[in-house]
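Undergrad: Listed here are the chains, written in short residue letters.
There are 4 protein chains.
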Amino acid sequence: MTNCIHDHGRWGKGDQIGAAGHLLTPEHTLKALGSVRNGCIIDLSHLIEIGAPRMAPNQSPYHIQVGPTSAGSIRRRRKMGATNDAGSNLERIEMTTHVGTHIDALGHFSKGDMLYGGYSATVTVDDFGLANLGIEHMPPIVTRGVLLDVSRFDGSDHLEAGRPVTIADLERALAAAKLSIEPGDVVCLNTGWGQFFMTDNERYLSGEPGIDEAAARWLTAQDCVAIAADNMALEVLPGTQHPEIVMPVHQHCLAEAGVHIIENLVMDELIERDIRSFCFMLSAVKFKGATGCPVRPIAIV
Amino acid sequence: MTNCIHDHGRWGKGDQIGAAGHLLTPEHTLKALGSVRNGCIIDLSHLIEIGAPRMAPNQSPYHIQVGPTSAGSIRRRRKMGATNDAGSNLERIEMTTHVGTHIDALGHFSKGDMLYGGYSATVTVDDFGLANLGIEHMPPIVTRGVLLDVSRFDGSDHLEAGRPVTIADLERALAAAKLSIEPGDVVCLNTGWGQFFMTDNERYLSGEPGIDEAAARWLTAQDCVAIAADNMALEVLPGTQHPEIVMPVHQHCLAEAGVHIIENLVMDELIERDIRSFCFMLSAVKFKGATGCPVRPIAIV
Amino acid sequence: MTNCIHDHGRWGKGDQIGAAGHLLTPEHTLKALGSVRNGCIIDLSHLIEIGAPRMAPNQSPYHIQVGPTSAGSIRRRRKMGATNDAGSNLERIEMTTHVGTHIDALGHFSKGDMLYGGYSATVTVDDFGLANLGIEHMPPIVTRGVLLDVSRFDGSDHLEAGRPVTIADLERALAAAKLSIEPGDVVCLNTGWGQFFMTDNERYLSGEPGIDEAAARWLTAQDCVAIAADNMALEVLPGTQHPEIVMPVHQHCLAEAGVHIIENLVMDELIERDIRSFCFMLSAVKFKGATGCPVRPIAIV
Amino acid sequence: MTNCIHDHGRWGKGDQIGAAGHLLTPEHTLKALGSVRNGCIIDLSHLIEIGAPRMAPNQSPYHIQVGPTSAGSIRRRRKMGATNDAGSNLERIEMTTHVGTHIDALGHFSKGDMLYGGYSATVTVDDFGLANLGIEHMPPIVTRGVLLDVSRFDGSDHLEAGRPVTIADLERALAAAKLSIEPGDVVCLNTGWGQFFMTDNERYLSGEPGIDEAAARWLTAQDCVAIAADNMALEVLPGTQHPEIVMPVHQHCLAEAGVHIIENLVMDELIERDIRSFCFMLSAVKFKGATGCPVRPIAIV
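Protein chains in written order, with the numbering used here: chain A, 38 to 338; chain B, 38 to 338; chain C, 38 to 338; chain D, 38 to 338.
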């Protein structure tokens, strides 16, 4: 089954939009909007700041520095004759798109030279952006979100690093929520690990609980369009076949199934309010050729 | 009246959330969602790429460079014993947040040392991010968008640079659309100038049609929570009192009224489909202390 | 002869130090130092600033932004109990190393997959720096510099873009200077084109006078260790076989002969003072794996 | 005495070149060159690479990423008709200039709002570079270097963090070397702490042995033009009056005396070869308005 790359075959060679592009219809959007009861918006994202956790070396450091400043711009404008002292503050940000709460573009991961849609990494990975499968190909999504909370399955408020979340765990969480996964869903996994984001980054990065490859395949087979989690990588780290098999969930979801991965999602308020399904919205900035995008997904309830 | 900074007094000294934070309620969201008929999502943003137009020197150049690459990461992982050739593509982006379609944080502009909410720029403009009024204080917004199309008021498909869009123009556009501005609206101005974005950046940056200060005050007085336009700066450039008075619309909207500005918005599909009011959604990434954020706003119709 | 890559064979497969590493001896340094008469130091470099000319897209934009600032650092230090108001100013620079007056590392250019020393680009071009042939392998050099001034050969104070500087031109310049090239020399070519650096960047980048491939081979055959010029690329642009053959001088000097190239050199004061040979010093910062380095070479006379 | 800022008064208000600019003459250069015996060049710098030690937050992280690559540039050039497969490798570097072995510009430190030469930080610290006192004002220097080795004064091969190096220590080192400081010298202090650079960065950054303020004043009073050390900051950390007085040596040397500071210098080979005075050369790249510069100083012996 590992060699049977059924999913990307599903939409043919050259496809760039994946599950979200093919499966989501206006009907999904309408249905999700129809589920909204009181119009409250719940933010599902972290603050992004210097020191944001990152998996080095691939995820490079985030930096922000203010400038030009109002003081400097006022000086420059006075020299040009202005009298109203309009001060502009801007900043310079240096980042990889895989910082904070973010979504992976389908071109983020390969199996050898093969990217999703049968694209060759050799020709797609261009110097100034992916020639194909960049985040600009992902549509904005407004669909149902389903929260699977496995954080308390081991007796504390979180699973430990290296704990695989299996199909059985997901089924148990679904049963507890009295839900099943439907085509077009965004599946949001809460492991409890997210509590260490920026509070104990060393621990947060030391490994993580997350889904194993079988669970990933089980989820994508149910036609979800994205899978999110409250950790760095969605998948269990170290992996169950570490170090021989690295990041198999990424390989499957992105390169095979065309299903986006969302990382460092924040579900605390949903959990507190006991919300397990909701209208989920995410709109990734179209950085051309980018391999992902920091995002601020929301739930509307 | 110029000296009567009534608006920010409205929510008191120390306010950080402005009109969007105070005026938008779940009812606005519910009402906007209720207006959706068929669930179609219309993207209102440009691609962001190298060479994106910018107002130098304040807006510094955008750069994206791919790396690490799948080839490099596969080599590194093989050395650590991996056999599944998981290749990761990432990138490095260097930018100001005022690139492409973006929203201005309230701390983006000052009047002398005074920022919105009575904050002093001297203490707020910190080295690594604004201490107050950063984009993270802006809530995600789901509200009604109103499109005011003035692009054909001068007989061609766009207004020319330096052409002020006045209160009378806005009233005429509203009358044509059979709409009035309601509290909580996002006002979207289409001048036709957006057609030069990335097709003729030199022209796009040479000036622009846009609202004058009176029009800005007229709009904010009607309690809109953001004003968007299909140009670099929303306001007419050169300004009507250039060079003595620089960017008065920015000063008024951001520093006085606490009303966000959205720039480089794309309304072509809305225009084509003759849509003048719609459910507008925008969710800015919480870059801590940032003076704005590139965004991908959408209309749902 | 094109296929006879004799030079890099000269020091064997796997060599990383090239002509400068092999040919320069303490005797060259001693001899160069011995030529100094009065101890005057002449700067041979340009200022590097925003807007520095660059050959897009390969040479990406230079950016500098000040911060942290003394004001901000004093505030932070006061909070930690400091009373002496020590303010620190720093900056953030984003650049390619090929900015301003700079030197090319041997790994900067390839012939297909082949780099100097027989290294394969596929394995050498690592994500975070060249695994081989980075600028850190270049020794500091103190040797004789020889200035060949061809700027007035066509009747004005500069040669025009596209004008090849040939072996005959070099011989004529040498004869005028009553010099011959000796092993270990750095050859400095003055075309007059450098006057357009930052004074008319559009022209500076529109093409340039420079050596053709035959002249390059003639120079490297005389065992110079670096070739410098007052233009962007040393070689004539467009090339004499443009567009079929691109940058043959770079391919020959760097990938075959192991001879460094120095660009955007400033020789005005040397010319004015009629100095044609001098003690040349250059010391490139050891950015590990970098493909070049901005430098400030000097002449001591 | 703290308030008696005698030094910068020495060359008057508005001076930008400091001790190196005023004290160094061609005679110093000639004399230094005259001391060279065999022409050997000794590199006094570290490799600069990702993970280079830095004093956060002021010193921001160093990043290098390769690209464009030979593979990508060959593809682009083939599309334009080229047949010779000229591949170009470049990189993107993001840095503060205070990385690795580097020199501080005179504008790097202030006493409150006062910079060297009586410049006000308020007006000098411009958004895109220091308006005054940037590194471009520093001349290249070729002068005598004097190595003061205090590394074994406490019985091991290094002094410990927090150990002040006093006037008495410097005198003892000078006596051992049978040297005295002469006007125009670059003083190079070896504490032994440099062995932890990139081998134990946590320790390297935890504090350091270094000169106290009295020693700094004693050195500058003898008309040295720069003071270098094998640590991050030249001065003892934590300082002797920590936390009330922060970085007094920087304030004195840079803002008062106009004497440059060189950090992370490597003197291992000089020590091994028992060299205590030598011809010292340093040439900082003219990044306009930069507060310092990474450098590769050399000794010629």
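Derived by calculation from the structure, the hints in this document are not laboratory data.
Misleading hints may appear alongside valid ones.
[Said to hold, decoys possible] Result set (DSSO-like, lysine-lysine): computed pairs, CA atoms no more than 27 Å apart in a straight line:
| hint | chain 1 | residue 1 | chain 2 | residue 2 |
| --- | --- | --- | --- | --- |
| 1 | D | 50 | A | 116 |
| 2 | D | 325 | D | 50 |
| 3 | C | 325 | C | 116 |
| 4 | A | 68 | A | 325 |
| 5 | A | 116 | D | 116 |
| 6 | B | 325 | A | 68 |
| 7 | B | 215 | B | 50 |
| 8 | A | 215 | A | 68 |
| 9 | D | 68 | D | 215 |
| 10 | B | 325 | A | 325 |
| 11 | C | 116 | B | 325 |
| 12 | B | 50 | B | 325 |
| 13 | B | 116 | C | 50 |
| 14 | D | 325 | A | 50 |
| 15 | C | 325 | D | 325 |
| 16 | C | 116 | B | 50 |
| 17 | C | 215 | C | 68 |
[Said to hold, decoys possible] Between beta-carbon pairs, the in silico distance windows are:
| hint | chain 1 | residue 1 | chain 2 | residue 2 | range |
| --- | --- | --- | --- | --- | --- |
| 18 | B | 243 | A | 67 | 40 to 50 Å |
| 19 | C | 240 | D | 199 | 31 to 41 Å |
| 20 | D | 204 | C | 67 | 48 to 58 Å |
| 21 | C | 240 | B | 238 | 48 to 58 Å |
| 22 | B | 88 | D | 168 | 23 to 33 Å |
| 23 | A | 67 | B | 215 | 24 to 34 Å |
| 24 | C | 204 | B | 92 | 18 to 28 Å |
| 25 | D | 155 | C | 310 | 50 to 60 Å |
| 26 | C | 71 | D | 310 | 17 to 27 Å |
| 27 | C | 88 | B | 199 | 41 to 51 Å |
Don't be surprised by glycine CBs; every beta carbon is placed ideally from N, CA and C.
Undergrad: Decide if the proposed pair is consistent with the structure: residue 325(B) and residue 325(A), CA atoms, cutoff 27 Å inclusive.
TA: OK: residue 325(B) and residue 325(A) at ~23 Å, within 27 Å.
Undergrad: When you check the alpha-carbon spacing of residue 116(C) and residue 50(B), does it fall within 27 Å?
TA: Between residue 116(C) and residue 50(B) the Cα gap is close to 24 Å, so the pair holds against 27 Å.
Undergrad: With the threshold set at 27 Å, check whether the alpha-carbon distance from residue 325(C) to residue 116(C) stays at or below it.
TA: violated, 37 Å
Undergrad: A range of 48 to 58 Å was offered for this pair. Does it hold for the Cβ distance of residue 204(D) and residue 67(C)?
TA: Violated, at about 37 Å.
Undergrad: Taken at face value, is the distance from the CA of residue 325(B) to the CA of residue 50(B) at most 27 Å?
TA: Distance ~21 Å between residue 50(B) and residue 325(B) Cα, so the pair holds.
Undergrad: Is 24 to 34 Å right for how far apart the beta carbons of residue 67(A) and residue 215(B) are?
TA: At 25 Å between Cβs, range holds.
Undergrad: Sort out whether residue 50(A) lies within 27 Å of residue 325(D), counting only the CA atoms.
TA: Not OK: residue 325(D) and residue 50(A) at ~51 Å, beyond 27 Å, violated.
Undergrad: Check the hint pairing residue 116(C) with residue 325(B) against an upper bound of 27 Å on the C-alpha distance.
TA: holds, 21 Å
Undergrad: Against the range 23 to 33 Å, how does the distance between the Cβ atoms of residue 88(B) and residue 168(D) compare: consistent or not?
TA: Holds - the Cβ-Cβ distance for residue 88(B) and residue 168(D), about 29 Å, lies within 23 to 33 Å.
Undergrad: Would you check the hint for residue 325(C) and residue 325(D), treating anything up to 27 Å between C-alpha atoms as holding?
TA: The given pair, whose Cα atoms are some 23 Å apart, holds under the 27 Å limit.
Undergrad: So does residue 155(D) sit 50 to 60 Å from residue 310(C), Cβ to Cβ?
TA: violated, 35 Å
Undergrad: May I ask you to test the hint 48 to 58 Å on the CB atoms belonging to residue 240(C) and residue 238(B)?
TA: Taking Cβ atoms as reference, residue 240(C) and residue 238(B) lie about 21 Å apart, which means the hint is violated.
Of the numbered hints stated above, those contradicted by the structure are hints 3, 4, 5, 6, 7, 14, 19, 20, 21, 24, 25 and 27, listed in ascending order.
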